[in-house]
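Line by line, the protein sequences are chains A and B. Each residue of the first sequence is one higher than the one before, counting from 6 in the working numbering. Each residue of the second sequence is one higher than the one before, counting from 3 in the working numbering.
Watch out, some of these pointers could steer you wrong.
[Claimed, not checked] Below 25 Å or equal to it, Euclidean Cα-Cα: the simulated DSS-like pairs (lysine-lysine) are:
id: 1; chain 1: A; residue 1: K46; chain 2: B; residue 2: K113
id: 2; chain 1: B; residue 1: K70; chain 2: B; residue 2: K7
id: 3; chain 1: B; residue 1: K39; chain 2: A; residue 2: K46
id: 4; chain 1: B; residue 1: K39; chain 2: B; residue 2: K58
id: 5; chain 1: A; residue 1: K46; chain 2: B; residue 2: K7
Since the hints were made in silico from the structure, they are not lab data.
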Amino acid sequence: GAVVSQHPSWVICKSGTSVKIECRSLDFQATTMFWYRQFPKQSLMLMATSNEGSKATYEQGVEKDKFLINHASLTLSTLTVTSAHPEDSSFYICSARVQGGNSPLHFGNGTRLTVT
Amino acid sequence: DQQVKQNSPSLSVQEGRISILNCDYTNSMFDYFLWYKKYPAEGPTFLISISSIKDKNEDGRFTVFLNKSAKHLSLHIVPSQPGDSAVYFCAASRGNNNDMRFGAGTRLTVKP
């Protein structure tokens with residue numbers, strides 16, 4: 006159980022375009038989902054916390070107008086990278102937690118974004 | 003602000019031997035600790051966790067040890083297998099706080 010599906014697994018786009026990444030919890034409901042970014046050989050950096058039905062909470066240094074997050078249902082959160090630039094190229098991973106006390110985050114398989 | 007630290011970027015062990023991965027944290031409010039395993043181009047997979055009320059948790063070949071006074075946890079894998087080769091991340095969170103902090107990861111290589 007507790008499967009998180011992320012789509013697409015990789016995407017190549019041109020500078021200036023926008024890219025949407027979807028994160029779905031397949032067998033549980035997630036009022037909260039998390040978006041991480043990983044640079045090569047570095048740790049997972051939390052970008053934002055996505056809350057169903059309300060605005061996302063962004064970590065310091067993350068531009069909310071550039072990384073648009075929408076959590077329209079209990080099983081779907083989307084991250085849109087707007088006006089992408091080459092420095093946005095990275096590995097983006099979403100996660101969700103089954104509610105109820107301490108429980109592990111379950112991660113999607115990630116999306117490799119390359120901006121040319 | 004690196005609240006969770008994994009000071010060894012890599013570790014190499016022989017198949018059949020024990021692998022010990024270490025992790026230190028600075029925030030004494032953390033009370034839930036986890037280890038994740040990650041293969042390239044995939045999301046992390048949950049391995050094992052421990053709450054601060056325990057000092058040891060075992061699941062098959064994997065054992066996590068927690069030393070609260072030293073703010074240190076470790077993951078022991080025994081016996082190590084080539085399929086264990088991956089990057090291992092430790093993580094920590096506080097209460098029901100959804101914010102989970104990750105270490106930088108340790109790349110484990112198990113040689114046949």
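Status of the hints after comparison with the structure:
Note on K46/A and K113/B: the hinted pairing holds, with a Cα-Cα distance of about 21 Å set against a maximum of 25 Å. In summary, the hint linking K70/B to K7/B is supported, as the alpha carbons are separated by about 15 Å, within the 25 Å threshold. Distance restraint check for K39/B and K46/A: the Cα-Cα separation of roughly 14 Å lies within the 25 Å cut-off, and the hinted pair is therefore satisfied. Among the hinted pairs, K39/B with K58/B is consistent with the structure: their alpha-carbon atoms are about 19 Å apart, no more than 25 Å.
For the proposed pair K46/A and K7/B, the alpha carbon gap of about 14 Å is at most 25 Å, so the pair holds.
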